[in-house]
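For reference, the chains in residue letters:
There are 2 protein chains.
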Amino acid sequence: MTILKGMRVVEGSAFVAVPLAGMTLAQMGAEVIRFDRLGGGLDAKRWPVAPDGQSLFWAGLNKGKKSIAIDMKSPEGRELITRIITAPGDDAGLFITNLRVRGWMDHETLSKEREDLITVTLTGDRHGRPQVDYTVNPSLGIPHMTGPESGDPVAHALPAWDIAAGNMVVSALLAAERHRLRTGRGQDVEFSLKDAAAATIGHLGMIAEATLTGTSRPRAGNALYGAYGQDFVCGDGQRVMVIGLTERQWRGIVKATDSAEAMDLLASATASDLSDEGTRWRLRHQITAILAPWFAVRTLAQVAQVFDESGLTWAPFRSLSEALREDPDLSEDNPMFTSMLHPGVGRYPVPSSPVTYSDFARELPGQAPALGAHTEEILSDVARLDDTEIARLFDTGVVTQAGREDARDAA
Amino acid sequence: MTILKGMRVVEGSAFVAVPLAGMTLAQMGAEVIRFDRLGGGLDAKRWPVAPDGQSLFWAGLNKGKKSIAIDMKSPEGRELITRIITAPGDDAGLFITNLRVRGWMDHETLSKEREDLITVTLTGDRHGRPQVDYTVNPSLGIPHMTGPESGDPVAHALPAWDIAAGNMVVSALLAAERHRLRTGRGQDVEFSLKDAAAATIGHLGMIAEATLTGTSRPRAGNALYGAYGQDFVCGDGQRVMVIGLTERQWRGIVKATDSAEAMDLLASATASDLSDEGTRWRLRHQITAILAPWFAVRTLAQVAQVFDESGLTWAPFRSLSEALREDPDLSEDNPMFTSMLHPGVGRYPVPSSPVTYSDFARELPGQAPALGAHTEEILSDVARLDDTEIARLFDTGVVTQAGREDARDAA
Chain R
1 MTILKGMRVV EGSAFVAVPL AGMTLAQMGA EVIRFDRLGG GLDAKRWPVA
51 PDGQSLFWAG LNKGKKSIAI DMKSPEGREL ITRIITAPGD DAGLFITNLR
101 VRGWMDHETL SKEREDLITV TLTGDRHGRP QVDYTVNPSL GIPHMTGPES
151 GDPVAHALPA WDIAAGNMVV SALLAAERHR LRTGRGQDVE FSLKDAAAAT
201 IGHLGMIAEA TLTGTSRPRA GNALYGAYGQ DFVCGDGQRV MVIGLTERQW
251 RGIVKATDSA EAMDLLASAT ASDLSDEGTR WRLRHQITAI LAPWFAVRTL
301 AQVAQVFDES GLTWAPFRSL SEALREDPDL SEDNPMFTSM LHPGVGRYPV
351 PSSPVTYSDF ARELPGQAPA LGAHTEEILS DVARLDDTEI ARLFDTGVVT
401 QAGREDARDA A
Chain F
1 MTILKGMRVV EGSAFVAVPL AGMTLAQMGA EVIRFDRLGG GLDAKRWPVA
51 PDGQSLFWAG LNKGKKSIAI DMKSPEGREL ITRIITAPGD DAGLFITNLR
101 VRGWMDHETL SKEREDLITV TLTGDRHGRP QVDYTVNPSL GIPHMTGPES
151 GDPVAHALPA WDIAAGNMVV SALLAAERHR LRTGRGQDVE FSLKDAAAAT
201 IGHLGMIAEA TLTGTSRPRA GNALYGAYGQ DFVCGDGQRV MVIGLTERQW
251 RGIVKATDSA EAMDLLASAT ASDLSDEGTR WRLRHQITAI LAPWFAVRTL
301 AQVAQVFDES GLTWAPFRSL SEALREDPDL SEDNPMFTSM LHPGVGRYPV
351 PSSPVTYSDF ARELPGQAPA LGAHTEEILS DVARLDDTEI ARLFDTGVVT
401 QAGREDARDA A
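Which chain is which? The protein sequence lines are R and F, in order.
The end of the first sequence is residue 411 by UniProt numbering, with every number in the run present.
The end of the second sequence is residue 411 by UniProt numbering, with every number in the run present.
Hints may contain errors.
Which copy is meant is left open, because identical chains are indistinguishable; a pair holds if it fits in one copy or across any two.
Stated by the list, open to error - Derived DSSO-like pairs: lysine-lysine, alpha-carbon spacing no greater than 30 Å straight-line:
#1 Lys-112 <-> Lys-45
#2 Lys-255 <-> Lys-5
#3 Lys-45 <-> Lys-73
#4 Lys-255 <-> Lys-112
#5 Lys-112 <-> Lys-73
#6 Lys-5 <-> Lys-73
These are calculated hints, taken from the structure and not from any lab test.
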């Protein structure tokens, strides 16, 4: 039993946000049916890939879902998808998508088959154009704020907006379903990746800042913006980040590095008060110059010992490979992770939901289905077709299922 | 009327994630009460700040909330907070927090006053230590994947995990409230910023990749990982990003830049198939060398014209200030934004929720309260105190309210 047990969500998607939303709902206990075109959607082979070419991206973002492969260009395929999306059930009639919704698959058309349908649609931008983090960020000025002071604009490695938007799809769906539980009314819920990004940087005060000051936040290397926080290279070449965001953290750094006297001199020479976070930001280069020698003559292990004893907020820089070797939080020591064997690929730690609910035990994370792994089951249980009809659909190539005897080649 | 109208959520928070969660719930129509210690919480002055020093961060992340300022160290203050969190109401008894919950403010203690209380607690890591994006990212290897190939690790400018975690607080709360509607049961919901990050990079396939290959994704400048996507400098010095993630996008780039012949030669010389996304990734430097001269002899305007006519997915790089001047999506042309005057600060575009619900009209974004602006109202309406009791609390300095006659100095 998990928190959304009994809910059924249908997903028509590709890439990050909506697949992440469906996977999140699946890890919360919902039955999530992802449909794809024959041969797989746009993300069927998305990197990262395993040495044998299997998509680790697909494997990660589709855990715990059911998969059906349907010829989405045929009228019969479209009718089947409509039937699956609008199938009866109190906790069904929930559709999430980032595919281009036109005609047969838009909310207006689908809701003729089920009046209380809830559709959550994520688009690229409000004009309906495709967008990805790699385009949203440059157009909103984020790379201009990222990277070394003197360098070129730097793109983020993480699809931060896709990640945020995927979680927003989940909350929008739950809010709309809450409303439906009370009123019986379905609805069409929409937003765009770019609007999610633009709203969020507004919420963070960045639009206000750029408007009121007439300039944008500058690139500041790895410095924490607006207070003190900086990376340092230790004597053994290892890099660490240390945070002086709150006054308590700042005092902790000064004490741990025995630099109170130098900081007092700096404050005095600049007639400033380092307990003010903005002052620490403005004087960050001078502060860093005072602190750097302390790190330069210590190993990471020595720094770690002092900082941990002092209760500082800090972290080592390391590669993900190093983190996987060193950090118990990325191993089965963390109950969120389960080491799972993926046939033909290998064994690696797989995360379940990071969220724990006291009324439910943690569930295993589940694995991603092969494309079309549940085609027959879904046609029978959800679309309510009989065996003869199902056999005909396989025979005519409207649907496929890997490993099914009479399945045709998906190509 | 908005989608969560009637719901009441109490927030005890600081910084990004939980304030963002509360603000999001407020923009969905919930009544959100944020309580802070006298004088304000740790983020009361968080940057960015307006020229007069007012926190634009506070203004952005607390829009539409009610604020009460209470002496959280006094037994009476703690009793008041308990009373507000556990106040009666079918759609109340919902508490979100990232404060260190010990004793009087933990779920176990609070739920003695209201058995069906739902608490969502966000911690730094699963051990309860403070963490911020600036520490989570280095410890998980993200800066090692970010920035120029030959440079040092680069931190992200956005608090991506805080943003994701804030949205996860919303969905966790809604899921728990859904469960309570059906069963009457409250519960304690918890997760950590670091676990949210670690789970998400697992979902994206990055942990699998690092485990199976034994190495981590390398820094690759502004290249799109695993397919083709690259930034180019135009003849006028402007920078653009162009995306060749899908085969259709890739073919569009080749056609728009008239480089089919050169790409065929490259494919032939390397005995490779550029319609394969992994091949495009491996040959990205050669591809970029072919394309770069096309950009070098064109202005951004010329590139834009060709790319828009070709329906390519692309974006200009620009600062946020430039974006605010040039991009209608960041202006009132976008119904998500409302230009609002903030007393003593100035006028700037303020975002409402990016999500539109067809059953509800879009609401104005609302403004953030001054610290303690609703102290008296909350003591009366939620804590159900009479005027005499309220006056005594102000007199004894247990609570404050800016501008109230008998308010004491919060310092």
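Right, here's what the structure says about each hint:
1. Lys-112 <-> Lys-45: neither (35 Å within a copy, 52 Å between copies)
2. Lys-255 <-> Lys-5: neither (51 Å within a copy, 49 Å between copies)
3. Lys-45 <-> Lys-73: within (21 Å within a copy, 56 Å between copies)
4. Lys-255 <-> Lys-112: Neither way: Lys-255 and Lys-112 sit 68 Å apart in one copy and 41 Å across, limit 30 Å.
5. Lys-112 <-> Lys-73: Answer is within: at 20 Å inside a copy they meet the 30 Å cutoff, but 58 Å across does not.
6. Lys-5 <-> Lys-73: neither (33 Å within a copy, 41 Å between copies)
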